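Asks: Spelled out, the chains give:
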Amino acid sequence: MNFFDWRWRALFTQQKPLIWKASMALMFIAALAGCQKSSSDNKEQRSAEPLQKITVAYTYQPQSTLVHVAVDKGYFAEEGLDVQPLMHTYGKAALQSVIENKADFATVAETPVMFSVLKGEKIFVIANIEASSTNNAIVVRKDAGISAPSDLKRKRIGFTPGTTSDFFLDSLLTANGLTRQEIEPAALKPEEMQDAIMAKKVDAVSTWNYPLTQISRLLGADGMVFYDKEIYTETFNIASRQDFVRNNADAVKRFLRALIKAEDLVAKNPDEAQTIMSSATKIDKDLIHEVWDDFNYHVVLDQTLLITLEDETRWAMKNKLTDQTVMPDYLNFIDIDSLKAVKPEAIRMNR
Amino acid sequence: MSITTRLRVISAVTIAAFVVLAPVLVWSLLEFKSAKNDYVLANAIRGNFFESASFRDQYFLYREDRARVLWDKSKEAVDHLLSQADSQFRGEQNQRILERLRRNIEDSTVIFHRIVSNTETLKTASGNRYVYEELDKRLYSQLLLKSATVRDTVSVLKEASAQRVEQTYQYLTIIVGLFAITLAFATILTSIQLDRLIRKRLEPLHDGARIVADGNLGYRIQCDGTDEFAELALSINAMTESLQVSTEQLEAEINAHKSVEIALRDSEERLQMVLTGAEMATWDWHIPSGALVFNARWAEMQGYTLEELPPRIESWETHVFPDDMFQVREKLDRHFKGETPVYESEHRVRHKDGHWVWVLGRGKVIEWDDAGNPVHAVGTALDITERKQIEYKLARAHAELQQFTHIAAHHLQEPARRLVNFVQRLRTQIPIELLNEDATASLHFIEQGATRQSTLVRDIQLYLAADQPRSIVEKIAVPPVIANLLEHKASLTRETEAQVDYNDICSVYIDRPRLKDIFSILLDNALRYRHPKLTPHIRIIGELKAGRAVYRVIDNGIGIPEEYRERVFGVFERLKVHDDQNSTGIGLAIVRRIVESCGGSVSLQETPGGGTTVLFDLPG
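Protein sequence lines, in the order shown, are assigned to chains A and B.
Going by the working numbering, the first residue of the first sequence is number 121, and it counts up by one from there.
Going by the working numbering, the first residue of the second sequence is number -18, and it counts up by one from there.
The set of hints was computed from the structure by calculation and includes no laboratory data.
Don't take each hint at face value.
Said to hold, decoys possible - Derived DEER-like restraints, expressed as beta-carbon distance ranges:
| id | chain 1 | residue 1 | chain 2 | residue 2 | range |
| --- | --- | --- | --- | --- | --- |
| 1 | A | A369 | B | D38 | 33 to 43 angstroms |
| 2 | B | D38 | A | N452 | 53 to 63 angstroms |
| 3 | B | V157 | A | A369 | 37 to 47 angstroms |
| 4 | A | T395 | B | E73 | 19 to 29 angstroms |
| 5 | B | L164 | A | P464 | 38 to 48 angstroms |
| 6 | A | K320 | B | L103 | 36 to 46 angstroms |
| 7 | B | I162 | A | A461 | 37 to 47 angstroms |
| 8 | B | K14 | A | A369 | 43 to 53 angstroms |
Everything numeric in this text was worked out from a predicted model, so none of it was measured.
Glycine is no exception: its CB is placed at the ideal position from the N, C-alpha and C atoms.
Isolated chain B, as found in the complex (with noise of 0.2 angstroms):
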């Protein structure tokens, strides 16, 4: 039998015990009731006795009518009271009771009366006059003789009604007790039982649950029965069956982690002696809170040692030279925006000594909040001073070799335009007919032979200063400037009479001449190297992928076939189906060295329907 069943039998077997005893509760409490309203109305019948011996005394003081009207009065409400106790008193010996009570009340109302009217006749009695006073003293003595007898039968009907009333609340007490009793042994019972019942059942569930708990998995509790403790231990079965399961795919995974932990220390190991190797520090930043932890190369980095800096962002941004702050704040606010992958930045800090000592930093955040803030970056930093030293060396010699080409390109131009100068000097000068043929052709070539040494002086200067800035960097509107470029072009779109689309472009972060330079080389290919049956269409196209801007300059041109399309990027490389005396071989190189500079790359496709597509993107 289930423990609920149980519980429901108790549970009406004390509902039964209810039932039977709450009727002889309220019958007690009626009674009890009864009683205590007998006893009230004994009192007052006894309070009226009073009363009406009261007023029978201030009869006989004064014979005044006043008192006799008040007795009377007493009389009838003792009648009243009594008539209330006939139906109100219960019992054969309350009835004789009262009965008496009655009777000797009826006896004394007569005797009193004839009091009364003795009374009247002694007020005009003469000569027997103390036969009547005698009667009326005996009258007299007969009352008080009554009123005694009504007092003590009043008494008796009193303590009898007490008495019922100290009965009926001994029945209470001892029906309330049995009440208590009955409840507090089917509470206890039904608690022993319940406990013993729980003990055993719950014995073998409690040692089962300990042995599992100890860890033997494949134990099973033994529990009979079909009470709620056989269902419990069935769960408990099922609960310890699927815990084995997953215990024993628990640790399949705990040693595929631990596996996956090996490899991870080792592979943190070979990190660290990588970085070791390579010299380099390692920063690890809760960027709310400005905590900054480091290893113990990046304050070795500065002269310090791990203990003689605060693992704090200040650490770091004390010791940073003033003016490249700038950029660093610059390049971290970009990253932590989301504008760039990684957070990258070459700038100085100052050693312990005094000197500045060049550093690259990196670094990624790899925790953002809800907001999108960053909360966690790590990142590495490497001393590149002597890196640096070299770029400044090259630097260095690269700007005397650009001041040398400059001056080189300008001593070179500076002798073709002289033969340009006298050529057309000598062709003003000789007179025509001195001017043969052979002459004429001569001084044709020495001219075109000094423009295009000039052409190439320049070209070769555009290239060699192609990878750097020649003004500021900037975001720069394309449009405009393609729209300037046209301008110059003018003679030539027209001559063509090309069409050129550009609208619709995004900008550009770059100096402002170098870009004029590639999309003026651009626009001079697509346009030299037209389709002789076709009108000349250039399409110009960009937009922004990835924070790079991507371009296409798209013609319906001659085309150049796929195997050189590699090959025109060389300098000084031109196709000779294409060879064009006007022509240095070098523009594209030009625009290669921009573009690679800029960290982009370009490329040549077909045009779909014929011509070339130059693709290549920039900083967007």
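Just chain A, same shape as in the assembly (with noise of 0.2 angstroms):
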């Protein structure tokens, strides 16, 4: 007992120690304090800005989920972005959007960025933001004699010209040795696509989800699905005008911010994710879950969009879809500063 009370008297007889002691805590405090103080002094700098406001063209389809949840769980307001959302049914036209000033943003894939770039215009991908291998097929109609690629040969498929359902119907057709030549190309609108195989007037189309699963469906047993992983990786993409991201660098990496926010929660949700998706484009939870594996959704900027880019405009020259006969320095069109400020990891392309 001995001991004990000495500890106990030396204790409270020895004040250096317990003076000393009481510093270090207050110290330790008060620069927690400090620390708690520097965070909510940010949020409350953030929140005492005004919000700002940017048109964001997307689309309906599954490869613009990120930014359908960034939306739906606030993220952009979070980052002080009040986002006008500009629905579009397929990445072209919501490039277009871009391109005519109407958005600021887009959703894309990389076929109409290729042909955009073609022609002239002005644009940056800033990220992309999904990548398939088994996105495209080929939905063919039993009854019209198809049962294999091959049997594709001097039959009517619809295709949407100047986007990947384009690309991927030259690349199966190449797979299996055949030439556009060797069909009858029909040109239709994403939207147009599943009319026109339910009446008939197409024996095959040349598309991608949800329309691809949905046709499917709807043929059921008179119908097949012409897929090929190996010949065609779609990328899908955020697109904007090379002036705006000049101009609103800080608003570009916000943007981004966002995204990658919803890129964490579609990793470690899914099943959120699926249902934010079902309820912003009204499409039956069950399709979206079952073509769900078939996306990986990451905001990353990589060799896949760089090759891709080059491949399809190698195919475009050839074929005489674009008047350009030099291939263009893509890295001029592809904006990395702002990816790599916010996430420098997911760069990931050679340069």
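Two chains, each in its own frame: build the complex with the hints.
Replies: Shown next as structure tokens:
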């Protein structure tokens, strides 16, 4: 007992250690309080600023999931952006809105981007938000005598020109030793595909989800789907005008930051993301769930985009789909700095 | 609580902390090792990717089987690595990365094989060859795209592994740091606690010890409790008490010693006074070193001051008269060997003026080494020149007297011999008829008187010469001397049928004539005063005792009454009961004079059973 008596007596009688300990504790608390204050100050400062209005042209497609989630979860507002949605059925139209200065950002696949660049549009891809090798396919009617890709010869096939639908059709034909001259191509808008094939106006359509799965479901046993994940990889991107990016560098970063938050939620809570998509697109959640695994939702800038753009450019030039004969340097149409500023590890593009 | 118990408690707490932290530390080490293994594996997968890319490019350059086969082998290797990674990598994120990697690699494999297949098709294609050429390019693009994805995915895996390595390293560092801090804290806390405790408990001990050290042996330390300090205080108190008792005893002893010292000093002073009064010199000799310390008188005897003579033995040796040096050395050696109890020598030393000074040196070894060699001797020296001069004069006078006695004896014996001769001549020349009874008796008395006078003169000569050696003093074996005497006394021994036993007698240090005188006189007495009814039996026994040869001559004669045993040593003393015309009454006086001149003594005792025993001692 002497030992403990002594110990407690020492604690109370020795003032120096107590003062020292108290000082240290107060300093620690003050430091914590300082950090906390600084953090809350930032939020207050952010909330005190007026939201910047931006218009985002995006689609009901699953490739635009990150934008839907960011809007629904208020991530854009968190980043000080007041997003005005401008909905489209496919990316090419969304990009057109941006080019026409009706929107500041568009969600769009690489094919419309490629054609726009070839047309001389001053645009930037600021991020790739989705990639898939199985989003594009050709849905065929069996009763048209098609049971294999090689049966597409001399068949009437619907596609949307200037889109991934166009390029995928060409790729699949090539993979099966066919050329476009050996089929009967039929230009259709995405929303026209379903009716056209159901009405047997076409024997097959080259399209993407959700129409792809919807048509397949409608055809049921009468239909077949030809995938070829080794021949094409689709990318879905955020595109913007170059002048807008240059003049709104901070807004671009905040926009990307909101998408990165959405990316995190999609990875951690896919079910919630699917519910958001179902609510935003009025599409049955089962359908969304069915095609969910075909997509990789990542905010990145990697080599896939560059290679695909160049592949498609060569294809467009070869098929006289453009007047351009010189391969453009697509690095001049990809804004790396913005994403690098907010997520440096996402830059995987060789420069 | 004792300090030992407290230390045990602290040790137990420290061990408990160690037991708690040790598993965490081990876990951290294992995690770090696991992370490092993951990193190594991820790096191996990355290496495989570049290897595979190399084979891919080689194939596209020449479309040869070797590159294709190597690409396939590289694929098998990466399959093996991925299989290993499946079991090795932990965490959902890593598994997702691995799954994505595997999927992309599989996609790459399919594309590669489609390219290989398309290459085979191209070898035979003709009409639509450009389609297959386009397909080749499309597939190659897709393969490059997949390769980039694979590369990115592998990089992510590697980065994740590297991060985990870094993270586990940080954990390890933190835990090791925590461990070290815990140990340091425990050590510091323990040190502080012990320091305070020891200071608090040690202070009364320290103060008490200082008080005791200052001499207050009556002080007792007050230290409560049951710990080691209390025990130590009790021990110190007990020690102090014991010290106090010892000190008191010591003080008493010191006081006693002081008294002794005072007495000793007084004694020394008196001794010095005596020595000074007796003009006696003193010396102190350290024999191995030759250092010799002497007083002023010692130097003064040789005509020097104390400062003039170096305190070395050479100061003495170089001054001793050379002819005396031998006997001085001999006496010293005998004392050093333990043969004599003290060293004593009379010798001459050279005075500063050149004349010789007679010195009586006495000394004694007071310290011996373990081997029995003398180390330290002290002694005195006395100037005996005056005495020696007197002795010289006396000796000369004695010699003159002896010369006179010898001449006188010779002249006294001459008339006696002439008387005897003339009586014998008268007895032969006077006709027998003229020699009547009176005349015959007168002649007989004249002859007897003359013979007695001659014997008396001879005995007086012997007595006077008895105190001086008459030949070389040496070690003499006694039995041959006795045997020789018995030969001369053979008629008497035969006549008396006496038995003389004299075996086993020790030797003696004396001159031979006087030794013969002693035993001759004693044998004569024993034979002359024999018991009328007993056959004479004489036993001579001699033995060494303390450097002296002690002899007993034992007879079974008529004996000497006790009241006459001292008187018979007087000159001309004879007992009437033993009156003998042939006895001069001077024999035992001669024996005593010889024995005493040799430093011995002689006495008479009654032999058990009757008879006389003569007891005397000589130098052995």
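Asks: Holds or violated: the 19 to 29 angstroms window for the beta-carbon distance between A:T395 and B:E73?
Replies: For A:T395 and B:E73 the Cβ distance comes to about 22 angstroms; the hint holds.
Asks: Can you tell me whether the CB distance of B:V157 to A:A369 sits inside 37 to 47 angstroms?
Replies: The hint (37 to 47 angstroms, Cβ to Cβ) holds, given that B:V157 and A:A369 are roughly 45 angstroms apart.
Asks: Hint says 37 to 47 angstroms; check whether the CB-CB distance for B:I162 and A:A461 agrees.
Replies: holds, 40 angstroms
Asks: Quick check on a hinted range of 53 to 63 angstroms for B:D38 and A:N452, using CB atoms only.
Replies: violated, 27 angstroms
Asks: Against the range 38 to 48 angstroms, how does the distance between the Cβ atoms of B:L164 and A:P464 compare: consistent or not?
Replies: With Cβ atoms ~41 angstroms apart, the hint holds.
Asks: Hint says 36 to 46 angstroms; check whether the CB-CB distance for A:K320 and B:L103 agrees.
Replies: With a Cβ separation near 37 angstroms, A:K320 and B:L103 satisfy 36 to 46 angstroms, so the hint holds.
Asks: Okay, A:A369 versus B:D38 on CB: inside 33 to 43 angstroms?
Replies: Holds - the Cβ-Cβ distance for A:A369 and B:D38, about 39 angstroms, lies within 33 to 43 angstroms.
Asks: Between B:K14 and A:A369, is the Cβ distance one that fits in 43 to 53 angstroms?
Replies: holds, 46 angstroms
In summary, the structure is inconsistent with hint 2 from the numbered list given earlier, while agreeing with all the others.
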